[in-house]
Amino acid sequence: MSSPRGGGKERGGDGERQIHVLAVDDSSVDRAVIAKLLRSSKYRVTAVDSAKKALELLGTETNVNMIITDYSMPEMTGYELLKRVKESPKLREIPVVIMSSENDPDKINRCLEDGAEDFLLKPVRPSDVSRLCGRMRS
Amino acid sequence: MFIYTRPAYQFCQVVLQGYLDEQFYQLEELQDESSPNFVEEVVTLFFRDSSRLVANIDQALQKYPQDFRRLDNFMHQLKGSASSIGAAKMKNECTSFREFCNKENREGCLRSFQKVKKEHAVLKQKLENYFQ
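Protein chains in written order, with numbering that gives the first Met the number 0: chain V, 0 to 137; chain G, 0 to 131.
By construction, these hints were calculated from the structure, which means they are not laboratory data.
Hints are supplied without guarantee of correctness; some may be wrong.
As the list claims (entries may be wrong) - Mimicking DSS-like on lysine-lysine, the simulated pairs with C-alpha atoms at most 30 Å apart in a straight line are:
(1) G:K116 / G:K102
(2) G:K114 / G:K62
(3) V:K89 / V:K52
(4) G:K125 / V:K106
(5) G:K123 / V:K106
(6) V:K106 / V:K82
Said to hold, decoys possible - Okay, the calculated bits of chain V under chain G, using three or more residues with CB under 8 Å as the criterion:
(7) 17-28
(8) 34-41
(9) 51-64
For each residue, glycine too, the CB sits at the ideal point set by N, CA and C.
Okay, chain V solo, but in the shape it has when bound (with noise of 0.2 Å):
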């Protein structure tokens, strides 16, 4: 079960087992901060560059808990990366969340009907982390 600071560990078969959340940004520096605030919170955390490195590791990687991504990429969005997500029968049950700098209500509702767990403003901070600590694939 997570702790109240929304601790990555949840129950399996064979004992606990840490939540392992994607994170997809193209910034360095946005991916720095965002794997350290999920690392606070006792997640592992594996980063990528983009949405077509993250689409990869998940073709392998079975054990992803969430995504968390960024909207504005080049080549690939993080609006098209959940849209492949949710059309995947192996994937649609992974929360994805999108992060932007930009807080355009347009793009946020249309991220959140097309299934986007949440929707994060940039710069993210740990209050936001905390609060998607209930929702990640059990």
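Using the hints, position chain G against chain V.
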């Protein structure tokens, strides 16, 4: 276990002058025994990326006709990184630049970009002093 913390007055100086905002403090709060140089590492990443973006924008501004969409894209990235480390003044100058970009005002972009570069250079100096 000894954990070095920077003198509070040093941090306050940079904040009070308006260069850094609360986000920088949030980064300092994340620094711990498992990553004792976290803030310095993030700042190093920032200046590596921002220097590249500044050079890209410089180059893009020399081109004619101006590709304002490309300029705005570069500046969006720069502003985002600045915001992530709490570089308040620099973030504000980036916002001004984007406003000129949206109006396709090349002269405004050029003037604004000089301010962005100035804030970038000053911030770099201040943070180098801070981490010494």
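Hints and how they fare:
The hinted pair formed by K116 of chain G and K102 of chain G meets the criterion: a straight-line CA distance of about 21 Å does not exceed 30 Å. The hinted pair formed by K114 of chain G and K62 of chain G meets the criterion: a straight-line CA distance of about 20 Å does not exceed 30 Å. Of the pairs offered as hints, the one joining K89 of chain V and K52 of chain V holds, with about 17 Å between alpha carbons and a cut-off of 30 Å not exceeded. The hinted pair formed by K125 of chain G and K106 of chain V fails the criterion: a straight-line CA distance of about 37 Å is larger than 30 Å.
The suggested pairing of K123 of chain G with K106 of chain V is violated, with an alpha-carbon distance near 34 Å, which exceeds 30 Å. About 14 Å separates the Cα atoms of K106 of chain V and K82 of chain V, which keeps this hinted pair within 30 Å; it holds. Requiring three or more residues with a Cβ within less than 8 Å of a Cβ of chain G, the coverage given for the stretch 17-28 of chain V holds, as 3 such residues are present. Counting residues of the stretch 34-41 of chain V whose CB falls under 8 Å from any CB of chain G gives 4; the rule of at least 3 is met.
A count of 0 residues in the stretch 51-64 of chain V with a Cβ less than 8 Å from any Cβ of chain G is obtained; the coverage claim is therefore unmet, three being the minimum.
Against the hints set out earlier in the document, violations occur for numbers 4, 5, 9.
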